[in-house]
Structures are given as C-alpha cells and as structure tokens.
Amino acid sequence: MAKSSNIYIRVEPDLKEQAEKVFNELGISMSNAVGLFLKQVVINQAIPFELKLAPAKIKSVDTLTEAEFHAEIEKGYADYLANKGRPVKEVFSDIRKGLNV
Numbered sequence: 001m002a003k004s005s006n007i008y009i010r011v012e013p014d015l016k017e018q019a020e021k022v023f024n025e026l027g028i029s030m031s032n033a034v035g036l037f038l039k040q041v042v043i044n045q046a047i048p049f050e051l052k053l054a055p056a057k058i059k060s061v062d063t064l065t066e067a068e069f070h071a072e073i074e075k076g077y078a079d080y081l082a083n084k085g086r087p088v089k090e091v092f093s094d095i096r097k098g099l100n101v
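For the sequence shown, position 78 (counting from the first letter as 1) is numbered 78 according to UniProt numbering, and the numbering increases by one without interruption.
Please keep in mind that the hints were generated in silico from the structure rather than gathered at the bench. Please read these numbers as outputs of a predicted model, since none were measured by experiment. Certain hints may be false.
List of simulated lysine-lysine pairs, BS3-like, C-alpha gap at most 30 Å [to be verified]:
no.	residue 1	residue 2
1	84	59
2	39	57
3	39	16
4	52	84
5	75	89
6	59	39
7	39	52
8	75	16
9	89	59
10	97	75
11	89	57
12	57	84
13	16	57
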C-alpha cells in the first residue's frame, strides 16, 4: 500500500455534515472523496469543475437613484438600437419556465 499524507482543512460544520451524508450514500469516505478530487486536479491540470462568479443581483427600480434609473434606461435604449434585444414572447416564456408556470 502506498504511503499517505495528512491534509488538514477547515470547513463549516453544516457543510461537512451535508457532504458526509452524500458520500455515505455514494459509499465513499470523506478522505476518498478528497482523494478523487485531487486526482482529477492532477489529471486535468485544473479544477475539475467550472468556477464563476455569482450573477449580480438585479436591482429593483425603487432602489435606484434617479441617475442610476436614467443610466439603465439609456443602456436599454442603446441595446435596442444595436438590435441586442429579445422578443417579448421569448422573455416571458423563459420567466414562466423559471416559475414552473
């Protein structure tokens, strides 16, 4: 058997507990899961999943200052002139899908 090395990490207790439940259902230990992750890092020479920033939250109109409101209107109008818009039916269809309506 190959030698092993210890890794000490700190995670939120709730996150650890939730992950352990998933790993138990998969029939692997936390150590095996971390080992699998590290092997994928080595094989791919990268993090084995996409990393991206959370999308910026959309501000409600009533929280915008007058200047921010006008800037948003101008940006929307510029998009319209540049043909960057989407048909209204398509937008509402996407909203309905997101709401499961």
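For each hint, the structure was consulted:
no. : hint    : result
1   : 84 x 59 : 21 Å, holds
2   : 39 x 57 : 35 Å, violated
3   : 39 x 16 : 20 Å, holds
4   : 52 x 84 : 24 Å, holds
5   : 75 x 89 : 21 Å, holds
6   : 59 x 39 : 41 Å, violated
7   : 39 x 52 : 22 Å, holds
8   : 75 x 16 : 44 Å, violated
9   : 89 x 59 : 23 Å, holds
10  : 97 x 75 : 26 Å, holds
11  : 89 x 57 : 23 Å, holds
12  : 57 x 84 : 21 Å, holds
13  : 16 x 57 : 28 Å, holds
In the structure shown, a violation is registered for the earlier hints numbered 2, 6, 8, in ascending order.
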